[in-house]
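Undergrad: Heads up: the protein sequence lines correspond to chains A, B, C and D, in order. With the working numbering, the residue at position 280 of the first sequence is 280, and numbering never jumps. Quick note, the working numbering runs 1000 ahead of the 1-based positions in the second sequence. Quick note, the working numbering runs 2000 ahead of the 1-based positions in the third sequence. Quick note, the working numbering runs 3000 ahead of the 1-based positions in the fourth sequence.
If you are wondering where the hints come from, they were derived from the structure by calculation, not from laboratory data. Ideal placement from N, C-alpha and C gives every residue a C-beta, glycine not left out. Among the hints, erroneous ones may be present.
Straight-line Cα separation of at most 16 Å, EDC-like style, residue types lysine to aspartate or glutamate; simulated pairs [claimed, not checked]: (1) LYS59/A with GLU2151/C; (2) LYS2064/C with GLU2085/C; (3) LYS59/A with GLU2100/C; (4) LYS2114/C with GLU20/A; (5) LYS1426/B with ASP1233/B; (6) LYS3259/D with ASP1153/B; (7) LYS1500/B with GLU1490/B; (8) LYS391/A with GLU353/A; (9) LYS2076/C with ASP1156/B; (10) LYS253/A with ASP270/A; (11) LYS2114/C with ASP2124/C; (12) LYS3046/D with GLU3152/D; (13) LYS3285/D with GLU1160/B; (14) LYS3285/D with GLU1158/B; (15) LYS3285/D with ASP1040/B; (16) LYS3040/D with ASP3136/D; (17) LYS2127/C with ASP132/A; (18) LYS422/A with GLU2100/C; (19) LYS3333/D with GLU3100/D; (20) LYS3285/D with ASP1153/B; (21) LYS3288/D with GLU1160/B; (22) LYS1147/B with GLU3174/D.
Simulated restraints, written as ranges between beta carbons of each label pair [as the list claims (entries may be wrong)]: (23) GLN263/A with VAL2117/C: 29 to 35 Å; (24) TYR2072/C with LYS27/A: 33 to 39 Å; (25) SER2125/C with ILE229/A: 47 to 53 Å; (26) ILE1290/B with LYS3280/D: 38 to 44 Å; (27) GLU353/A with SER2125/C: 29 to 35 Å.
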Amino acid sequence: MKKFDYLIIGNSAGAVGCIEGLRSISKQSSIGLIAEEEHHVYSRALIPYYLSGAIGRDKMYYRPADFYQNAGVTLLGGQKATALDLERKEVELAGGAKIGYGKLLLATGGKPIYPPMDGLDKKNVFSFHSFDDLLGIEKRLPESKNAVILGGGVIGLMAAEVLKKRGLAVQVLELADRVLAPVVDETTSGIIESTLREAGVKLFTNNTIGQIHSGDLVESITLKDGTVIPCDLLIVGIGVRPGTELAEGTAIKIDRGILVNRQMQTSVPDVYSCGDCASIYNFITGQTQPLPLWPNAYLGGRIAAFNMAGIKRQLVAGTSMNAMHFLNVNLINAGINVTDQDSSQWHIISKVEPGHQVYRKFILDEHGVISGFVLVGQIKRAGILLNLMRKKVDVRSFQEQLLDENFGYVNMPDELRWQLLKDEVILGVM
Amino acid sequence: MYSFQLPEFMIERAADRCIRCRVCERQCANQVYSYDAELDRMFIEEKNCVGCQRCVVLCPTLALNVRPRTSDYRPNASWTRDKMQNLKKQAETGGVILTGSGNDKPCRIYWDHLVLNASQVTNPSIDPLREPMELKTYLGRKPDAVKITRCADGFDVETESFPNVAIPTPLVFSAMSYGAISYQAYLSLAAAAKELGTLFNTGEGGLPEHMRREFGGNAIVQCASGRFGVDADYLNNSQIVEIKIGQGAKPGIGGHLPGEKVLANISETRMIPIGTDALSPAPQHDIYSIEDLSMLIYALKEATNYAKPVSVKIAAVHNVAAIASGIVRAGADIVAIDGFRGGTGAAPQATRDNVGIPLELALAAVDKRLREEGIRNKCSIMAAGGIRCSADAIKAIALGADGVYVGTAALIAMGCTLCQKCYTGKCNWGITTQDPFLIKRLNPELTTQRLVNLMRAWSHEIQEMLGGMGINAIESLRGNRDHLRGIGLEDWELNVLGVKGAGE
Amino acid sequence: MFTGQWSPPGVCCDTYMSSGLCFFIRLNTHERMGTMGKVVVKPEVCIGCHLCEVWCAVAHSKSKNIIKAFLYEDTKPLPRITVEENLPLTFAWQCRHCQEPNCVTACISGALTKNPVSGHVEHDSLKCVGCYSCVLICPYGCILIDEQKREIIKCDLCAGLETKYCVSHCPNEALIYVEN
Amino acid sequence: MRQQYHQSERFTPDKEMQACGLFGVMDTTGKRFGGDMAIKAIKNMKVRGNGLGGGFGVYGIYPDYQEYYAFHVMYQDRNQAAKRMVEEYLKQNFYVIYDEEIPTDPGVNVFQPPLVWRYFVSPPPRKKGAEEHLTDDEYVVNKVMFVNINIEDAYVFSSGKNVGVFKGVGFPEEVAAYFMLDKLYQGYLWTVHSRFPTNTPGWWGGAHPFGILDWTVVHNGEISSYGTNRRFLAMHDYYCTLYTDTEVVAYAVDLLMRKQGLPIEVLSKIFAPPLWDAIKLMSAKEQKLYTTLRMVYAPLMLNGPFTIIVAHHNEMIGLTDRIRLRPITAGAKGDLVFLSSEEGAIRAVCPDLDMVWTPPGGEPVIVRLNSKDHLLSTNKSI
């Protein structure tokens, strides 16, 4: 039986973060990686860019082809881990083989959510999640004219944009009364909706699939409100759920995702988890929850690596944050999302420039600390705002200037500015 | 009131070079330039231009050209452009015309009418690159004679010498006060003096507390009519204490630092409340006579334990020789003579351009008079006011000065372009301003280097010229008028200067 | 050579001056751990002329000729350095080349990397897809956006050029390249 | 206030530039001897002169009148009016014990010889007033200065006791022959000078040695600091009138040694001070001495190339400038000590020397009666 000092299950940002973290500490230890997909490590987030034609297949890869080789990682590709023996520190593979580990990292990622309805198993129905989805959609594209996208969230809208660019008629179905509802507020949704509409994307809000009409393939869809729309390509983009199957039924505690502390340790010693499969600490809300975001995954992996190697470091910077762009509108949000309805208990400052698609909004808590913000249109130097949020800075003395597009360190009080700038540059960890 | 004055400057912008980087706009404190985003064009408000050339120097594509405007009144030898402009200005304002820097009128510059000697055949010239060339100078009173007795291991000096200050080169930075010039400029002068081992003069604005320990060893501290910043610690953290009676640029009148320039640190240094005008009275109100001056000299000596030379600075005026003689007899160890081309931060133009006499004549007269009275050794003479180059400095020494004060030249080294707008407080070069944005334009590290380079260059040139004369120590040129000849001078001028005409 | 205090205590901009100085000292000690060098600014002598921006843009233009770059090249030259400005305070600001750069962790395409030899944070524009995750995460606001190309641009310390343009063209030597 | 002899210093006479040969010989026992050696030695250095000036200083020359100041007064163009004025002035201010024309050899052809007269005088008791407290020496100096400045065509070129200066236009041997020095006079110390002025025809008053009281100076060189020295001396009532920079040396010697009482060693360090860089390396005590001297007597530093032989009764000093731009050589044979521009000249008069040495720049060779002080400089020789 093979045994590795460090064994990683999963092959994406978390795994790479962990490998790069480990190798920055020690070149000697043995690292094994079990990857379900056979593809070289690629970036899921690049799927829309690939489909839109912005990048070629070679650019999909997150690290060079010889990355594992150079890093001295034993890659067990195309293998599925099926069970964990936490007592004996072994992982069982689909074929029955067992791999031993010193420390284990569960970076199994997420699974796209499919609603329970008939017809979603047809060959022109895809999620927007994996390389295989990508290749499947690409293959279908020439024969497709009418795309229907289920879900008006981030993934759904990105899919809508790229398919529109590829010349398809695109219809987006959103159960809520506006797009991006969980992520941003009404104003932002409004700007995005009008942008998409101007580009010719049909939006159906307060709506979803009533019934799918299909033969071998999906052919048309009757919506809940009775409208019938043609469909020869159906994308399911409702979201992802943590891929916790492996941990289920073991001693590892699960709360939506695999529960980890700020050192990325699970409830079982020597087992760590990160990425979309994990429930991590959100420094804004103070809760532990899945935060399925690329930087969180990478950083989680890196911090897990340090702790696995015995160097105690903590994740401090995890929160919800998104950089998006829909057509020509850039959008950034971070922290909590407060809609107009429940804005009363927060102090909110915002600026809208109608017509220019510029919107800035900041949500301040009772201590004047930014709990969340949205920037639409002009997003430059947004990281400074995120930094203020992370450092829990009371921004009230200069809050008006936050609304200025050119806001920078120069607008802060002297002492604060140099304090922030002189902090150690090791970010995300401490 | 609508202004009838002709704009002073015209600005040409090469359209094929301007890249709209807006550096000119940002560098101009006088709002000459503005950018129009709609047209992607720079606009120019020439009326505001003072001709400081900051924009020209900073423009990365050399697209700008600023020069005096060519449109002019009908030429009139009597009513010149200057006179007419001033008339119009006064008609519009009803006030005294203020100006900065030194006298810019074409009064005879005697330095340019004096030529130096060089060795040929009968004595060898000396190459300062290969042989010693001494510029060390002692400032202060010297005894009439030294009593020396033989003892077992050589000789004992029995004469008590007076306090003297040694400087490695006879070049000293002139009085420029903190407040009149920016902290950065002031600091640069101090730091340059320190690096060179020479002296800077605090002017009448005091010496900031935190600079005293570090730069006191290179400071001439001034005690002027306003008595700003004078306390015992100030006086004792110095090499020389100077009583300022007058200033070459504005003999007979005092100074005025507007309240806007009196910021926190200046207020602390000058020991006056923030925002109050710092008014230096025309006379020192405890000196109405030579006896009073003597009392102040000895009061300052007393305060400094007789350990420092006391200097008295006067403007060069008609009877300067007699005044200087009185000053020496009143107990001063150094007499500083400030000629009428000396600079200032602010002075009424009428005074600046019409009061006083040229340094060269004053210096020659003072040196002669002190020698006639047999008291030349009782003091050192500092020459100030319009020393523009090393040759001016060495000629001053040959006329009789011990050292020279370098003021305007140092400012020019820092970046000054003599736009004469010091009094506006909007110096684009960061020198005569307290605007926190403008003062940053002087990087003290760079400016110090510029000043050090200037002084070193001058010192080298002085060495070269000394070597050419076959002299290897500056003291052998001091008052050595045989090495000067006049060209293009009238008889009376040669007489006053005490030099022969060229060829005589 | 010069050992004096930069600014008198109590001058209206002194606090940033003195603390600014100590800020850079801190960065220096930090750098010894990883990075080889970076451009630091002395805010107390930054005159806000924006010439660093101009010359940075030239350095990253095709022709490297200032007039050609600004007036005749198709793509508008863009600086990788920003002058933050809130008069009287100004300071030029560009990539700090962090030891553990957040932008690298956030980059979804692998376009941003930390060069283990030079310590520089490098950006491969061929790989960049313009997702702007790095813009969101860089705490210093040092990653800038090229709207035309829809990708990010950042300080590359004038890789391949003889001098660091911002440093060599700063008229007041407010920018200094420090190496360990 | 000191009176200026001209309204403007602009009108002070120019000194002339020159190259020269010098020679001095002294018998340290005080034995008197004739002028042969001095004449022969200076003749040996003929190329150092050009026939436009030569002169001799002789000590111990008038033993019979050694109580009296011996004035050698030259009347240019044999100006009788000047002579009358001088004699009137002397009569008013001195007891003139004896006077005569200095004998000359009419067979020697010299250039425009002036009338040279000698007077042996003694200062009278001073009346109450300004001069009441003056010493005899000072009194004499004042009167000599008065004649030199105020009486046209009259110059006192020798004014010490038991000392005589003889000088004129021509080669030194011609001057010697004219005044018959080899035949008529004996002294224990002889200094000689051969002159090479470059820009004036030379005149009798400009020849060396230059003397005041019993101080005489012969000098080779060009003093670039002349203007500074002259103006400093003017402040001490010495007015230069003789168109030669040697004059300032003589006055400076008189001021420093006679009036201010400084030892000769110190004097040489005022004329040719050590460099500041050298002073920095000295002991604290020496630093104080040399710093004080340079500070106070800076105007008397002799800058530029020079060699001087300064003599007065009992003492002869040879000194060259601090960076040694002009030559000097010393030699000794028994009780005789020689100083010369060239070693060859010494060997010409004394072929078998006991020793010969070359003192460094700024280091004086001090020859004293009844002492071996001159040997002090040998260990520093170069």
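Undergrad: Could you run down the list of hints and mark each one as holding or not?
TA: Each hint tested on the structure:
1. LYS59/A with GLU2151/C: Distance of about 15 Å is within 16 Å: holds.
2. LYS2064/C with GLU2085/C: Not OK: LYS2064/C and GLU2085/C at ~26 Å, beyond 16 Å, violated.
3. LYS59/A with GLU2100/C: violated (24 Å)
4. LYS2114/C with GLU20/A: holds (11 Å)
5. LYS1426/B with ASP1233/B: violated (33 Å)
6. LYS3259/D with ASP1153/B: Roughly 25 Å separates the two Cα atoms, so the pair is violated.
7. LYS1500/B with GLU1490/B: It holds: about 11 Å lies between the C-alpha atoms, which stays within 16 Å.
8. LYS391/A with GLU353/A: violated (29 Å)
9. LYS2076/C with ASP1156/B: violated (80 Å)
10. LYS253/A with ASP270/A: holds (14 Å)
11. LYS2114/C with ASP2124/C: Given that 16 Å is the threshold and the Cα spacing comes to 11 Å, the pair holds.
12. LYS3046/D with GLU3152/D: Violated - the C-alpha atoms of GLU3152/D and LYS3046/D are around 33 Å apart, more than 16 Å.
13. LYS3285/D with GLU1160/B: The hint holds at about 14 Å.
14. LYS3285/D with GLU1158/B: holds (12 Å)
15. LYS3285/D with ASP1040/B: violated (76 Å)
16. LYS3040/D with ASP3136/D: Measuring from Cα to Cα gives roughly 37 Å; hence the hint is violated.
17. LYS2127/C with ASP132/A: Roughly 21 Å between the alpha carbons, so the hint for LYS2127/C and ASP132/A is violated.
18. LYS422/A with GLU2100/C: holds (15 Å)
19. LYS3333/D with GLU3100/D: violated (37 Å)
20. LYS3285/D with ASP1153/B: holds (10 Å)
21. LYS3288/D with GLU1160/B: Holds. LYS3288/D to GLU1160/B sits at ~11 Å (cutoff 16 Å).
22. LYS1147/B with GLU3174/D: violated (44 Å)
23. GLN263/A with VAL2117/C: 29 to 35 Å: Holds: the Cβ-Cβ distance is about 31 Å, inside 29 to 35 Å.
24. TYR2072/C with LYS27/A: 33 to 39 Å: Cβ of TYR2072/C to Cβ of LYS27/A: about 51 Å, so the range 33 to 39 Å is violated.
25. SER2125/C with ILE229/A: 47 to 53 Å: violated (40 Å)
26. ILE1290/B with LYS3280/D: 38 to 44 Å: The hinted range 38 to 44 Å holds for ILE1290/B and LYS3280/D, with Cβ atoms some 40 Å apart.
27. GLU353/A with SER2125/C: 29 to 35 Å: holds (30 Å)
Of the hints listed earlier, those the structure fails to meet are numbers 2, 3, 5, 6, 8, 9, 12, 15, 16, 17, 19, 22, 24, 25, in rising order.
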